[in-house]
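Chemist: Each chain, letter by letter, is given below.
There are 2 protein chains.
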Amino acid sequence: MTQSFHAIVPAGGAGTRLWPLSRQGNPKFLHDLTGTGRTLIQGTLDRLAPLSDSVLVVTGQPHVDAVADQLPELPAENVLVEPSPRDSMAAIGLAAAVLNRRHPGQDVILGSFAADHVITDHAAFAAAVRTAVATAAEDYVVTIGIGATEPSTAFGYIHVGDPIATGAHQVLGFTEKPDAETAAEYLATGAYRWNAGMFVVRARVLLDHLARLQPTLAAGLEEIAAAWDTTDRDAVLTRLWPTLTKIAIDHAIAEPVAAAGGVAVVPGEFDWDDVGDWRSLGRLLTTGTDGVRTLGDPQDVLSLDSPGSVVAPTSGRRVVLLGVPDAVVVDTPDALLVTTRDQAQRVKDVVDRLASEGGSLI
Amino acid sequence: MTQSFHAIVPAGGAGTRLWPLSRQGNPKFLHDLTGTGRTLIQGTLDRLAPLSDSVLVVTGQPHVDAVADQLPELPAENVLVEPSPRDSMAAIGLAAAVLNRRHPGQDVILGSFAADHVITDHAAFAAAVRTAVATAAEDYVVTIGIGATEPSTAFGYIHVGDPIATGAHQVLGFTEKPDAETAAEYLATGAYRWNAGMFVVRARVLLDHLARLQPTLAAGLEEIAAAWDTTDRDAVLTRLWPTLTKIAIDHAIAEPVAAAGGVAVVPGEFDWDDVGDWRSLGRLLTTGTDGVRTLGDPQDVLSLDSPGSVVAPTSGRRVVLLGVPDAVVVDTPDALLVTTRDQAQRVKDVVDRLASEGGSLI
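Protein chains in written order, with full-length UniProt numbering: chain D, 1 to 362; chain F, 1 to 362.
Please keep in mind that the hints were generated in silico from the structure rather than gathered at the bench.
Fair warning: there could be bad hints in the mix.
The list treats identical chains as one, so a pair stands whether inside a single copy or across any two.
As the list claims (entries may be wrong) - Below, a list of computed lysine to any residue pairs in the SDA-like style, where the Cα atoms sit at most 20 Å apart: (1) LYS177 with ASP121; (2) LYS246 with PRO83; (3) LYS246 with GLU222; (4) LYS348 with ASP271; (5) LYS177 with LEU187; (6) LYS348 with ARG102; (7) LYS348 with PRO325.
Just chain D, same shape as in the assembly (with noise of 0.2 Å):
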């Protein structure tokens, strides 16, 4: 049978913790947040499209024609609009069973990857990414494990047991976000690795687990898809969309079948980041003579004595920065933002704060 590999890209999540630059209707996934002239989500396309038959954006209606623009390469079709947010196993569930109808007779392996990470090393990526598509190809449901360099708290871990024969090892689980000591531990072990969010699976192998272990929500995506290229396909989604169980695919699928010893993880040898908050962001810019690091313009920063600092300004105006190290200005038409890297990750109690006042900015 015929193998092709398809990536799916779930483009949905709004990115709060870059406010006030990446906004619920201007997402982070939408911005050249690393200065390369592309955006993420069109990094991602450039990283995927060598690698695959087709790839496909699982997407918001607000986001359909950011994306269309961005991607003009992008065939429409492939281009699926979810009617409102589902979470991840619907949105990659969708994209499986539609991609099974597309290619009959086919062995389809699918890829899902998300629109906005940051990862430079092309060639590391693609080979990770070969090596996952053949482990799956042994019906494992396959993830891409990072190389932790740090005890981070912000990442969830993946615990690596036995290799197996493709060159992966076998999942021993899951651990959603540590506390430090924990994650120190996990970093201490060797054993442990970063979860990127990457998922690679056989289609059918990924319908397969999803009719057992998520029937309701199985049977619900294999309507929608069977309508999806025909003109039922707003009928079907408007009646069952909303009905749908909102689940993460890490909990639908990875958990309960990696304690059943059918996940596998592939070491991803690469550089790579998921661009999570203003202080991630920094480390992914060039640092200038004055020790700042700016998104946009260094011509629209001044700044004296103040080492380390992160700067987006994208409003035209002049930015001047005076002896704050490590300072985070983010200067946008209607909101400013100023922190510090430490305190970046909180920048969603901003957000939530924002959201308490009646939304506006948000």
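Fit chain F to the given chain D structure using the hints.
Modeler: Then chain F, alone, in the frame of chain D:
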């Protein structure tokens, strides 16, 4: 001879250390920096008008319209327009000579007060001015010395000597901004007061001192004053003004006359602030429940864990502070400053840098 008292308000300095709110074209004295609804120059005239027979503002051509707009009660002839800045002696000496000619046969006493200082205790200020006028009538050059409350290195000091009959004291000398050690010594002796740059003196006494100490400048000012209220004014100004000696009244008159025993100081027992920088301005603002002091609408600011910060949201955008205690954030439509209260004195360095780049935004 009828005695009359006239206030002179030199209004020129840009207030560099309050950049980016204060600009060369829109200087500090034109701003409401205390949230009272009155600009600094309006507040200055509010204090002086009840105490004096007239008020004269000396300013530059770029600010004439703004001064007239802000001070509609001031007769047009009471705004003396300098063709170019020639330092404080020329400004005050011109006003003295013009006043002397406008009030022939009167004993004209004048007082010079900066346009951009803040004093809220008008009664105590009025009492000090009355004592100063009485002392000036004894032919002293009189200054008002502010009680030092900390070893400030931002102000000049007046060395206070023996009392004289009117309730004032002899001035033993003036010192410019001292270093921290010297400032601490001054504070410990109790014999030093801050020099707020206020001078009260008989016009005739001032002009006689000037004729003796700076005869060329005195002659030039007398010739200009003679032409001031005639159609020759512009021609004489054009010819003479650029030739006038550029010198501060402190160096031209106060220091040499003090050395000869001719200067007195009246203790000013009122609050006083020269609003010299953002730290100083912060002290004048009301502290919100979040510990933040806002120059503007507190609704424009959202702060989390940033007590002691000073924010000026003047661009209409929302300013968010997260975990930045004692920050200074000044948001204007074309420039943003982020610094700290401790670094605020160095804002002049920023303006110097901008000037060296070509001077936009200053």
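Chemist: All the hints need checking, so say for each whether the structure fits it.
Modeler: For each hint, the structure was consulted:
1. LYS177 with ASP121: neither (25 Å within a copy, 58 Å between copies)
2. LYS246 with PRO83: within (13 Å within a copy, 74 Å between copies)
3. LYS246 with GLU222: within (16 Å within a copy, 88 Å between copies)
4. LYS348 with ASP271: neither (25 Å within a copy, 43 Å between copies)
5. LYS177 with LEU187: within (13 Å within a copy, 56 Å between copies)
6. LYS348 with ARG102: Neither way: LYS348 and ARG102 sit 40 Å apart in one copy and 67 Å across, limit 20 Å.
7. LYS348 with PRO325: For LYS348 and PRO325, only the inter-copy Cα distance (19 Å) is at most 20 Å; the intra-copy one is 22 Å.
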